[in-house]
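Residues per chain are reported as follows:
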Amino acid sequence: MDFTLKIWRQEGPQDEGRMESYPVKGISDEMSFLEMMDVLNDQLIREGKDPVAFDHDCREGICGMCSMFINGEAHGPNRKTTTCQLHMRSFKDGETIYIEPWRASAFPVVKDLAVDRSAFDRIIQAGGYVSVNSTGNPLDGNAIPIPKHDADEAFNAATCIGCGACVATCKNASAMLFASAKVSQLALLPQGQPERMSRVQRMVDQMDKEGFGNCTNTGACEVECPKGISLDNIARMNRDYLKSQVTEE
Amino acid sequence: MTEMPEHSVALDAKIPKGPLAEKWTQHKNNIRLVNPANKRLIDVIVVGTGLAGSSAAASLAEMGYNVKAFCFQDSPRRAHSIAAQGGINAAKNYQNDGDSVYRLFYDTIKGGDYRSREANVHRLAEVSTNIIDQCVAQGVPFARDYGGMLDNRSFGGVQVSRTFYAKGQTGQQLLLGAYGALSRQISKGKVTMYNRHELMDVVTVDGKARGIIARNLVTGEVERHGAHAVVLCSGGYGNVFFLSTNAMGSNVSAAWKAHRRGAYMANPSYTQIHPTCIPVSGEYQSKLTLMSESLRNDGRIWVPKHDTDVKALRNGTMKPTDIAEDRRDYYLERRYPAFGNLVPRDVASRAAKERCDAGFGVNQAGEAVYLDYASAIDRYGRTEAKVQGIPAPSLEKIRELGEAAVRAKYGNLFQMYEQITDDNPYKTPMRIYPAVHYTMGGLWVDYNLQTTVPGLYACGEANFSDHGANRLGASALMQGLADGYFVLPYTIGDYLADDIRTGEISTDTPEFAEAEKGVQERISQLLNNTGKTPVDDFHRRLGRIMWNQCGMSRNAEGLKQAIADIQALRAEFEKDVCVPGRSDRYNPELDKAGRVSDLIELGELMCKDALERNESCGGHFREEYRTPDGEALRDDEGHAHVSAWAYTGVPSEAVHHKEELKFENVELKTRSYK
Ligand SMILES: Cc1cc2nc3c(=O)[nH]c(=O)nc-3n(C[C@H](O)[C@H](O)[C@H](O)COP(=O)(O)OP(=O)(O)OC[C@H]3O[C@@H](n4cnc5c(N)ncnc54)[C@H](O)[C@@H]3O)c2cc1C
Ligand code: SF4
Ligand code: FES
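Chains as they are written, first to last, in our numbering: chain A, 1 to 249; chain B, 1 to 674.
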């Protein structure tokens with residue numbers, strides 16, 4: 001298969017960016033999208049040109065590192081699929097493919113398609129954990145039975161990979177789906193109860209500080225989320241947040 | 001650089017005296033402590049934020065040390081541990097199936113083919129139960145049964161059910177737990193986190209590790225960081241084979257830089273080839289994807305009995321589901337009736353290779369076998385129909401219920417398979433083949449997890465410690481968290497107790513300057529090279545040499561050839577590698593060039609190590625040493641030792657040191673899973 005790639009090139013955070021056009025030829029439909037990008041970079045290096053910088057690591061949909069906006073969609077055309085899990089058989093021979101970085105003021109571009117998502121780390125640092133020490137003596141793992149349903153729900157929320165597709169997709173660049181996934185996971189488990197109210201407050205405050213936008217319930221994030229994180233989590237977080245305003249102040 | 005001894009010397013593993021089951025408790029009681037006020041005066045560098053690094057950094061910070069943590073990804077949560085699928089072992093005996101600390105210890109020693117240290121393995125089994133309690137307390141959502149209790153599954157090489165899991169994302173959930181603990185310490189200012197930073201060198205002062213040189217991968221700045229001790233948790237080096245199940249960025253550089261500064265590399269050739277991975281599909285392939293070992297709980301592995309069927313499969317005139325039961329060879333069940341599909345990884349991988357080499361591989365390349373879920377779907381379907389009280393369920397209904405049950409257990413793995421291959425594994429058996437997965441070898445460490453360089457420690461996959469010549473499934477996560485939460489934070493105190501009056505480590509010294517200069521020079525050398533060939537090209541070629549000569553089976557002649565080929569490749573790399581871009585920008589090609597350059601050197605040492613080991617054990621299979629029925633033939637007289645190599649400048653001329661392994665609690669036996 002042959003493609004024309006239109007790719008966002010940007011030297012660094014302070015530089016202006018632009019779309020550049022590159023042809024790639026002889027691509028197999030069994031290649032992953034990132035393997036196709038490897039082919040392009042190999043070609044660029046051999047031509048003495050600057051290869052395209054992009055983030056990736058696990059290449060199996062779990063580390064959350066890959067982050068491309070492909071043909072106007074975060075992680076490309078397929079649902080519940082990260083960029084690294086996308087295969088070229090999802091594209092038509094001869095197609096022009098547009099590839100851009102995540103765009104959000106809280107995610108500045110590092111170079112080309114790589115962005116800085118450390119704002120997500122700071123949201124978690126604000127309270128996305130249970131305050132237990134490993135140097136203490138925790139209870140036996142089976143001391144508190146957890147209904148299977150709650151454990152499964154908590155697990156589903158916990159499968160968020162922190163990729164940022166939800167932010168990139170949202171017209172307000174809101175981080176609600178991401179933050180609510182962590183808030184929900186811990187709100188659903190007995191271990192998360194003691195800090196439940198302070199956690200939600202601190203995480204939401206941090207989200208605002210980082211410059212993420214407000215949620216206007218468009219639901220685009222849920223559609224593009226590669227892990228199928230549900231909007232129910234946002235509703236749960238909103239309820240807890242309101243409650244926390246009443247109880248904490 | 002220090003003078004290297006000419007002759008092999010015995011290594012002191014500093015194993016505490018006393019009965020096996022009491023060593024760790026007694027050692028913890030005898031070890032020197034640093035009081036809380038003094039801990040505030042001590043800095044520790046932790047390189048890596050996988051399970052080992054995150055747990056170590058968080059625990060050290062909780063205890064009061066000042067920690068600086070480093071990772072090359074854009075967030076500590078993305079360390080390769082995130083990708084672990086199947087589970088984590090612990091001797092909880094919740095299933096009441098006869099499990100115990102001793103049994104986990106014994107299984108691990110046997111699974112490692114009697115090439116690991118008894119005292120370390122026993123300690124690992126002892127602390128395994130604390131890990132589960134700790135993770136539950138952190139809110140890790142492990143799978144639960146309908147009664148709300150923690151659920152378990154079985155993994156290879158054992159006959160009890162002791163593996164805790166969170167669907168197919170156990171590593172993710174455990175790492176996010178540890179990342180939470182780390183984040184908490186970052187928010188308190190006890191850990192300073194350096195994302196997108198790469199260790200470029202280890203700095204030693206008066207023979208002690210006193211800091212590192214790191215590079216900010218975004219700005220390109222080369223930085224000096226001092227500390228009283230350095231802990232490497234930098235993961236495994238399976239990427240020396242180019243194609244592996246490891247993440248693209250996994251590398252040996254941190255360990256290799258330490259090796260060049262005097263830390264010995266132990267058993268570098270012990271590599272785990274995992275039996276169930278998605279086969280290679282083409283030249284362009286950049287990595288391989290694991291299909292979790294947990295799938296062998298329920299899946300059955302087979303190839304056709306007759307080569308006429310093989311031909312028909314390859315030319316597409318027949319589908320696997322067309323092949324009748326009696327024309328299938330369930331070769332693991334046939335060869336190893338006691339363990340069947342759940343033999344250890346090394347055994348399962350070699351058996352797959354044996355069938356494929358004999359011409360029974362089921363894909364075009366002849367390098368694939370089937371992992372079949374049909375009978376599991378049928379079995380689960382019938383049980384579920386009974387549970388739901390459906391009197392005479394149709395075959396269709398049984399299938400439907402069975403598929404739902406399998407989806408609940410393995411859904412994300414099946415989905416991953418389908419995404420990659422475009423085949424529906426509920427309807428047709430998966431095609432799988434062995435692939436490089438894990439490296440048992442690594443930095444040599446003593447009982448305290450200290451390398452041969454004082455003040456330099458190694459945890460997790462980066463060290464060699466607990467798995468001998470073959471790691472059992474679900475034991476790497478256990479080891480990483482054991483090292484980081486429960487072992488290192490105590491043992492390191494004994495060393496740091498001498499440092500309470502040292503004061504801050506200055507980086508304004510000749511040692512730091514020399515190390516930094518070396519790093520700068522290497523960077524400009526790579527960037528200014530006038531070569532034409534991209535880094536990946538060399539990496540692929542290295543991988544091919546390693547896979548063919550130092551992979552699933554090895555022989556002396558091949559290994560010697562590989563050493564020569566790798567040396568030639570290294571020379572060509574230096575002359576012809578092309579690294580584009582600048583040093584003061586985000587430049588992934590430059591990062592990769594540094595890593596591949598170290599992997600090439602490591603490959604040479606691995607071949608040397610494999611050549612020295614004139615026996616077959618665990619993942620190390622030398623064709624010259626096998627039993628008449630093709631099983632591995634150990635040499636306990638000559639090789640019941642750890643090989644630890646000291647760097648001399650040329651990897652294949654490393655000096656060989658031995659740590660003799662003493663088995664006082666288990667009897668050395670021929671490993672049998674028949
Ligand atoms: C696909 C897959 C599935 C697996 N499934 C299981 C399983 O089910 N059960 C099990 O027990 N084991 C499993 N394993 C093995 C297990 O995941 C690993 O052995 C383990 O997670 C390694 O953890 P670690 O903390 O030692 O290193 P890693 O998680 O690899 O972390 C390495 C860290 O070091 C950092 N680093 C590396 N080099 C540098 C450098 N030069 N400079 C700065 N930072 C650096 C990285 O940024 C990273 O943070 C699996 C492995 C794979 C590949
Ligand atoms: S909620 Fe979904 S889209 Fe957002 S960061 Fe998590 S996994 Fe990515
Ligand atoms: S590279 Fe890890 S999720 Fe895509």
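In short, the hints are calculated from the structure, not lab data. Positions of the beta carbon are idealized from the N, C-alpha and C atoms, including for glycine. Please note: incorrect hints may appear among the correct ones.
[To be verified] Derived DEER-like restraints, expressed as beta-carbon distance ranges:
#1 B:G389 <-> A:A143: 31 to 39 Å
#2 A:N71 <-> B:A365: 42 to 50 Å
#3 B:A571 <-> A:E16: 52 to 60 Å
#4 A:P108 <-> B:G531: 16 to 24 Å
#5 A:D152 <-> B:V655: 36 to 44 Å
#6 A:D140 <-> B:G389: 53 to 61 Å
[To be verified] Only pairs whose alpha carbons sit at most 25 Å apart, straight line, appear in this in silico PhoX-like list of lysine-lysine:
#7 B:K575 <-> A:K80
#8 B:K208 <-> B:K397
#9 B:K28 <-> B:K14
#10 B:K23 <-> B:K658
#11 B:K658 <-> A:K209
#12 B:K188 <-> A:K209
#13 B:K532 <-> A:K25
#14 B:K305 <-> B:K39
#15 B:K305 <-> B:K28
#16 A:K148 <-> B:K28
#17 B:K427 <-> A:K80
#18 A:K49 <-> B:K190
#19 B:K674 <-> A:K148
#20 B:K23 <-> A:K49
#21 B:K575 <-> A:K49
Results for each hint:
Between B:G389 and A:A143 the Cβ separation comes to about 34 Å, which falls inside the hinted range of 31 to 39 Å. Between A:N71 and B:A365 the beta carbon distance is about 33 Å. The supplied range of 42 to 50 Å is therefore violated. Hint check: B:A571 to A:E16, Cβ distance near 42 Å, so the stated range 52 to 60 Å is violated. Under the hint 16 to 24 Å, the C-beta atoms of A:P108 and B:G531, about 33 Å apart, miss the expected range.
In this structure, A:D152 and B:V655 break the distance hint of 36 to 44 Å, their C-beta atoms being roughly 54 Å apart. Distance hint for A:D140 and B:G389: a CB-CB separation of about 36 Å, inconsistent with the stated range 53 to 61 Å. Straight-line distance between C-alpha atoms of B:K575 and A:K80 comes to about 44 Å, which puts the hinted pair past the 25 Å bound. The hinted pair formed by B:K208 and B:K397 fails the criterion: a straight-line CA distance of about 67 Å is larger than 25 Å.
As the CA atoms of B:K28 and B:K14 are separated by approximately 13 Å, the hinted pair is consistent with the 25 Å bound. For a cut-off of 25 Å, the pair hint linking B:K23 to B:K658 stands: about 23 Å separates their Cα positions. With a CA separation close to 57 Å, the supplied pair B:K658 and A:K209 exceeds the 25 Å bound. Our distance criterion of 25 Å between C-alpha atoms is met by B:K188 and A:K209, whose separation comes to about 18 Å.
A threshold of 25 Å between alpha carbons decides the hint, and for B:K532 with A:K25 the separation of about 21 Å falls inside it, so the pair holds. Between B:K305 and B:K39, the direct Cα distance comes to roughly 65 Å. Violation of the 25 Å bound is thereby established for this hinted pair. This hinted pair does not check out: B:K305 and B:K28 have alpha carbons roughly 56 Å apart, beyond 25 Å. Straight-line distance between C-alpha atoms of A:K148 and B:K28 comes to about 38 Å, which puts the hinted pair past the 25 Å bound.
In summary, the hint linking B:K427 to A:K80 is supported, as the alpha carbons are separated by about 21 Å, within the 25 Å threshold. Under the criterion of a C-alpha separation no larger than 25 Å, the hint pairing A:K49 with B:K190 is inconsistent with the structure, at around 43 Å. In summary, the hint linking B:K674 to A:K148 is not supported, as the alpha carbons are separated by about 37 Å, beyond the 25 Å threshold. Annotation: proposed proximity of B:K23 to A:K49 is violated, straight-line Cα distance about 60 Å (limit 25 Å).
Proposed proximity of B:K575 and A:K49 is supported: the alpha carbons are some 20 Å apart, at most 25 Å.
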